[in-house]
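**Student:** Listed below, chain by chain, are the residues.
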Amino acid sequence: MKYILVACCCLGLMHVSIAQVDSSLFRRIPRDTSFGKSMNMDAVYNRPFLSVGKVPVATGGYVESDYTYSTMDGISEGHTFRIPRLTLFIASSLHRKIKFLTEVEFEDGGKEVSIEFASLDFMFHPLVNFRGGIVMNPIGAFNQNHDGPKWEFVERPVAMTQMLPATWSNVGFGLFGKKYSSSWAFGYELYLTNGFDESIITNTRNRTYLPAAKNSPERFMESSNGQPLVTGKVALQKKSIGEVGISYMGGVYNKFQDDGLVLDEKRRVDVVAVDFNTTIPVWKTRIIGEWAWVHVNVPLSYGPQYGHRQYGGFIDVVQPVKSGTIFGFSRSVLNAACRIEYGDWNVGKFEETGTTIGDCFYAVVPAVSFRPTPQTVIRVNYRREWSRDIINNPSSRTAIIQLGISSYF
Amino acid sequence: MRGLIIGVCVLFSIIFIVSCDSVMPASLEEDQLLDGPVSGLTGAEHRQFLLGDAAFNTEIFTGQSGLGPVFVATSCGSCHAGDGKGHPFTTLTRFGQSDASGNKFLAQGGPQLQHRALPGYSGERLPDGASSSRFVAPINTGLGFMELVSDVDLLAMADPEDIDGDGISGIVNWNTIPSYVKVADGAVSHEGKYITRFGKKASVYNLLQQTANAYNQDIGITSSFEPVDVYSHLEVDPEISTQTINNVVFYLQTLKAPIQRSTEREEVIKGKDLFVGISCEKCHKQTLRTGNSHIAALANKEFHPYSDLLLHDMGSQLDDGYTEGTAKTYEWRTAPLWGLGLSPNSQGGSYYLLHDGRAHSIEEAILWHGGEAASSRQSYEQLSDADKELLITFLKSL
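These protein sequence lines are chains A and B, in that order. Here the first sequence stands for residues 1 to 409, where the numbers follow our numbering. Here the second sequence stands for residues 1001 to 1398, where the numbers follow our numbering.
No lab work stands behind these hints: they were computed from the structure. Among the hints, a few may not be true.
Stated by the list, open to error - Interface residues of chain B toward chain A, partial, derived using beta-carbon atoms under 8 Å:
id : residue
1  : Pro1025
2  : Leu1028
3  : Ala1359
4  : Ser1361
5  : Ala1365
6  : Ala1386
In this text the structure is predicted, and so the values were computed from the model without any measurement. A virtual CB, placed ideally from N, CA and C, is assigned to each residue, including glycine.
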């Protein structure tokens, strides 16, 4: 029997520490021998877990820490050391068809503690699994597959974290499933969860900003407006080519009524994302990309400050330049990598002048990473970013040097 | 081994580019920036400047922090980006007053239109029959110097009867001031009114009044100074602390004056002679003086705003039919020309000049001059193309 979850947990076919995707492995959980290259949707289970003896509970986690030196238009705030996140996960098998997994994240040195994921999965059929609890909304691929040690870059991709907004998880229920043959795999996910609130268009960023909704302390206890957010994704994977996914997330975000009284019309937020990843076989070059489009119904009388449309994404190219034994680490890899990212927070033109609204950025991030083991990475990044304010005044230029370490434990 | 070498090379090249200056972006030249304090502030003054800077440039108001519910923009910095002139998307509209008898539309939301609103609310509409004028945000630099020019100096520059017969009069705006405004030492008053100088109609007394007013009318934020909410017209709790307002006022007072560029260039020097020669400088006064101040860096200093802070008849083409204080509808305060050449850096690469941003180039702004400035404009029109070029080059150096 090809238990879907076991499949999720199995080793990727090409896991061998090219990293940024399938670097990580369950250590004690039996592998499936069938084609089981895991997809992005499996990322929550596709992690190194430790379990003791026959206890059906496995645990693990990862940590990220970095050094940053940044300069914006010649002004530097100096040297900074950070521990942006430490994440713990616990998984358990309650039954061979019932799994539980939770992920608890301590952000910014423990200043914020959040449950990123806590869900019970019931398998009725490989194509019909029921999941409930705090689920990761399957919008894009980064949101599902965001563990620090999997990436060659210190910073998470800006468009995916500040537009989508990874990591974005909510309380809800839904279905997922996967079907595969020896060379193809197809996966789908469909959830109903709590959603966004009005803070996405009224926040101190002065721009439409979906992550603002994450600040609401009540969002795990009640919906902001009683309207579920629908998130769905389908993904297709071809062995030795790669995976593409297309996902959608949408719902009403505003509190249009209270106590039965109408406050405003219903206003929606809709997001579409596409993601892909592939490996060029000869050179083992890994290419990963994602792009998202956000559409928010912003009241016209609110003015152009908060955009109706946004889009952005990134593309990462990771080239292993040396693998084998380096400094005595027998399975180590040295990668050269580069990320290019772009984001436009406010797509459109000013009514008053007919000129283009700015509020956009692009960045280029060359990087070198060294993986002494598949689950651990030391990375050096140089980030050059150009960003424009809403009026499209001359760009401000930022340069950031980062040295980071990240590892599963 | 080959891979290791490649990796090490890449690493070293990164370290190399990083250590080279062009890769860590260099700072802009001081004379390209409007933001920044006057020199000579003390450490304690720098602290207060930074607090005001944060409140002015980075504090964004939302529904939770008191924005609106009707408003024009969400922060001071939205309209005065980098302390420079504003972009037409934040242009504000004032309405309801046509002469010195005052604003007839206060009950209908005057004097300022808050045309934007929080979700679920509607913005204000211009009431029928109200005269109105549109204002694009002016440059916000060197205001502390402008605040310290004595009333006596202003009156000395004014020439209401045009006694010197040069066709240029220049008058002060006499206006009533709110009770929270403390009058400066040596202030001159006339029938309970004072000489006001800020704003395009020179209708505001000082930077405290301008700031409290801007929070209230532009952002919909009430304070202990301006406690009446623009939406409900009722007195409500202050939505910003008095200390924050004081910090912002201090910030405005201590913002440096724009630094002129290319002062040594021959074209600039010749252009400046033409500027004086064709009487532009009769209104756009090059040099004014401050009086005493508790901020030592501002006291008794000469500065170069290229404005006399007086009102001038600018002719019928610039007459919008709206006014403030005792100014006539066709009278405007001489726009300070300092920082003029940097306008595109805060206006999204374009020029939007004159009170409502109607002029899209410096030349266009000059050609709109009428009234007292008509003969000066004609002199400009009669200049050769080369001389016009020199004059504009000078103006862009400001």
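**Student:** Please go over all the hints and tell whether each is borne out by the structure.
**Tutor:** Status of the hints after comparison with the structure:
1. Pro1025: 4 Å, holds
2. Leu1028: 6 Å, holds
3. Ala1359: 14 Å, violated
4. Ser1361: The hint is violated - Ser1361 (chain B) has no Cβ within 8 Å of chain A, the shortest such distance being about 15 Å.
5. Ala1365: Ala1365 (chain B) check fails; min Cβ-Cβ to chain A is 17 Å, beyond 8 Å.
6. Ala1386: 30 Å, violated
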